[in-house]
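Using the sequences plus the hints, can you model the full thing?
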Amino acid sequence: MLDNTSKVETPEGIELPLEVAGVVPRALAYIIDLLIFIILNYVIALTMGLLGNFGEGLYLILFFILFWLYPVIFEVFRNGQTPGKKALGIKVVHQDGTPISLNASFVRNILLSADFLPFFYTTGFISMMLHKDFKRLGDMAAGTLVIYTEKENKEDPIPKEKPKAPTFALSLEEQRSVLSLAERHQQLSQARQDELSNLLPEKLFPANTDNHNRLKQLHAFANWLRGH
Amino acid sequence: MDLSKISIKLRPRNGYAAIDLGTRMAQRNLKLMLISFIIVSLPLYLVLLFIFPERPLLITFFIWWLKPLWERPLLLILSRDVFHQATHLKEVLKFSLTNNYKQWFQSITWRRFSPTRSFDAPVVQLENLSGKVRRERLSALHSRSPTAISGITFVLHLVEALMTFGVMLFILQFIPNDIEWILFLEQVFTNTGLDLFYLILSLCWYLAMVLVAPFYVAGGFSSYLNQRSIREAWDLELVFRQLANKHTKKKFDYKNLVAALLVCIFTFSVPQGISSEQPANNETTKVDAYAKEKAISRQAIQQIQSGPEYKRVEQTWEFRKINPDKPKEEDGEKKNKSNSNFDKGLAKTLSWIFIILLVIFLLYKLPAIIEYFDSGAKAKNKNLKDINKPEQLFGLDLKQENMPDDIVQEAQALWQAKQHREALGLLYRASLSKLIHDFDCEFEDGFTELECQTIVTRMQLPLKDYFAELTSIWRLLAYGHQLPTSAIFLQISSQWPEHFEPKSDPNAEDDSSIKNTQQAASQMETNNE
Numbered sequence: 001m002l003d004n005t006s007k008v009e010t011p012e013g014i015e016l017p018l019e020v021a022g023v024v025p026r027a028l029a030y031i032i033d034l035l036i037f038i039i040l041n042y043v044i045a046l047t048m049g050l051l052g053n054f055g056e057g058l059y060l061i062l063f064f065i066l067f068w069l070y071p072v073i074f075e076v077f078r079n080g081q082t083p084g085k086k087a088l089g090i091k092v093v094h095q096d097g098t099p100i101s102l103n104a105s106f107v108r109n110i111l112l113s114a115d116f117l118p119f120f121y122t123t124g125f126i127s128m129m130l131h132k133d134f135k136r137l138g139d140m141a142a143g144t145l146v147i148y149t150e151k152e153n154k155e156d157p158i159p160k161e162k163p164k165a166p167t168f169a170l171s172l173e174e175q176r177s178v179l180s181l182a183e184r185h186q187q188l189s190q191a192r193q194d195e196l197s198n199l200l201p202e203k204l205f206p207a208n209t210d211n212h213n214r215l216k217q218l219h220a221f222a223n224w225l226r227g228h
Numbered sequence: 001m002d003l004s005k006i007s008i009k010l011r012p013r014n015g016y017a018a019i020d021l022g023t024r025m026a027q028r029n030l031k032l033m034l035i036s037f038i039i040v041s042l043p044l045y046l047v048l049l050f051i052f053p054e055r056p057l058l059i060t061f062f063i064w065w066l067k068p069l070w071e072r073p074l075l076l077i078l079s080r081d082v083f084h085q086a087t088h089l090k091e092v093l094k095f096s097l098t099n100n101y102k103q104w105f106q107s108i109t110w111r112r113f114s115p116t117r118s119f120d121a122p123v124v125q126l127e128n129l130s131g132k133v134r135r136e137r138l139s140a141l142h143s144r145s146p147t148a149i150s151g152i153t154f155v156l157h158l159v160e161a162l163m164t165f166g167v168m169l170f171i172l173q174f175i176p177n178d179i180e181w182i183l184f185l186e187q188v189f190t191n192t193g194l195d196l197f198y199l200i201l202s203l204c205w206y207l208a209m210v211l212v213a214p215f216y217v218a219g220g221f222s223s224y225l226n227q228r229s230i231r232e233a234w235d236l237e238l239v240f241r242q243l244a245n246k247h248t249k250k251k252f253d254y255k256n257l258v259a260a261l262l263v264c265i266f267t268f269s270v271p272q273g274i275s276s277e278q279p280a281n282n283e284t285t286k287v288d289a290y291a292k293e294k295a296i297s298r299q300a301i302q303q304i305q306s307g308p309e310y311k312r313v314e315q316t317w318e319f320r321k322i323n324p325d326k327p328k329e330e331d332g333e334k335k336n337k338s339n340s341n342f343d344k345g346l347a348k349t350l351s352w353i354f355i356i357l358l359v360i361f362l363l364y365k366l367p368a369i370i371e372y373f374d375s376g377a378k379a380k381n382k383n384l385k386d387i388n389k390p391e392q393l394f395g396l397d398l399k400q401e402n403m404p405d406d407i408v409q410e411a412q413a414l415w416q417a418k419q420h421r422e423a424l425g426l427l428y429r430a431s432l433s434k435l436i437h438d439f440d441c442e443f444e445d446g447f448t449e450l451e452c453q454t455i456v457t458r459m460q461l462p463l464k465d466y467f468a469e470l471t472s473i474w475r476l477l478a479y480g481h482q483l484p485t486s487a488i489f490l491q492i493s494s495q496w497p498e499h500f501e502p503k504s505d506p507n508a509e510d511d512s513s514i515k516n517t518q519q520a521a522s523q524m525e526t527n528n529e
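Going line by line, the protein sequences match chains Y and C. Under our numbering, the first residue of the first sequence is numbered 1, with each subsequent residue one higher. Under our numbering, the first residue of the second sequence is numbered 1, with each subsequent residue one higher.
What the hints contain is simulated information worked out from the structure, not anything from laboratory work.
Quick list of in silico lysine-lysine cross-link-like pairs, DSS-like style, CA-CA up to 27 Å:
hint: 1; chain 1: C; residue 1: Lys9; chain 2: Y; residue 2: Lys132
hint: 2; chain 1: Y; residue 1: Lys154; chain 2: C; residue 2: Lys9
hint: 3; chain 1: Y; residue 1: Lys86; chain 2: C; residue 2: Lys365
hint: 4; chain 1: Y; residue 1: Lys132; chain 2: C; residue 2: Lys31
hint: 5; chain 1: C; residue 1: Lys5; chain 2: Y; residue 2: Lys7
What follows is the structure, given as structure tokens:
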């Protein structure tokens, strides 16, 4: 099964899927960061320009600091997210899923200049499009991944029914699907919901349940599974 | 369409994640897709280049304009791969010669610059929709996450443009300026009216186009699949079918299985699927049956197309003026824009003041800024530190509240009562407790005496020598059962307050304590003897 995740196995033998982010969100995040950088740079240049030679020197120092440390500081101290990444809902982590360290962030951002070659990130683009986990050279060297931040696990409302235990044991995935069907009751058309509930074996329902009541039965199971 | 044969993991994804899945699909079929794109587009490119050699850029532009047609074979490959069907190059060729031109005019004219082009392609090519139905179907599918779908068009166009120059610079970097064959070639090209630079640019553009196209098509197709999967709950269907299969297999009852397989409303090509299953009797009945079948299927199609999957239900929120008569606020007093008249010196002074103020402000706000960047981690660490302060080390109780008020007196009293071990123990325990709580030594559970001593030495506390001595005396007593002489004990216990207790009135206290200890010493000396 093809999926856009990178799997990390913990010492306890649990597989954690990390949803890796690819070229499009990362490029958009970079564009936002670039705009912020240009504006900051412009403001500094304007103020320093009034100070003659001293200002010029100071500007160069500030430019250097801003250019090399802007991403590093944000990545290390703001949970792996520069403002652009935050806007796109992605963040940088080590490839084992742990928060990024100063070393790794430094390496990946210094190597941004290698990805830049020969002209405006050609190497980086090609590398990201061909790598399984969408890594650019900097990511490979630093051992980092750019992943989607997980959304807060919000409980969607489900239709109220009297909770009822399923007549036979359902696996975890099957339980999730029954629950998900109830959670998506507003997004799916009525006909489709009935059709889906008719796919299930008759054994799951009390005898002589007609089409529409089957869905209600499933909602009752969902209420039970959620513990209402 | 049989979902049980699908080769991608079905789950509702956000718009960008769906595009990323597309990138993986493209990676899996990259070789075939690249070759297909080149096979269908390169001949035309070369022919045009041969006919109009003086306009290489225009030719690539033309090829670029026709890109929707070159992308169709790529979509064919992907749509088969999703269901584990391999495509051969022969099939791609056959497809591009015969079946490639559905609604070709629209796709290279007004639909050419649609930001959702790659997302819309499957609706035409795989679902065979056109006209009003197509429009409604699209608007229904677009209703969620349209930004991501146009995001891929924007970003990949950018990538294509940047890559064109990237590849070109890469090539040019490796050509020394003064090499002769280049001069020669250039001469040849200029004589024939062909500029080498533009030819290379044209080729690079074509190359970039070839490289980007598979990812663009796959990203759009994957987004399309994601939308349908969300709207039609494919992931649930798959699980439910498997569940049903599991239970029907047990009873050897294939009725449900067959029924389940037949209930499949959405197929990629409805009319073909039905018409291919016709019995071949004689000509007329065949034609009749075909017409009948066609009518039935058309009816079925119409029925499906009038369903909710082809309609868009929209909930919109908008701001409305509550009081439209209220006059707009004046834009404030327009500031005097005669800044240009300012003396240059004045501007300089002002900006200096600005910078100084900024620096002062930043210094003033520094703790807040540091806290902002350090917020989460530090708060956690602080709590951890408090928690980590051990209450016990090598079996000794170190709780502050269990210590007597005057430790030296208590210890000396114990010593006099011949409880030597308890006396020295109290002194040592009190020292550790003070070190943990007042001197912030980071002792951990399970440290040995020597490890504690190492920490104290490393922290360069002024009392490190004293503590080292105390530790060695304690270790001798605790593990070696060697009692120190009373003189040594008295000395070490009388020195204790000056190392561990803040001195409030040093002269008076010191004098009295020294006197006290001297008295006590002489007393004890006599006692011992």
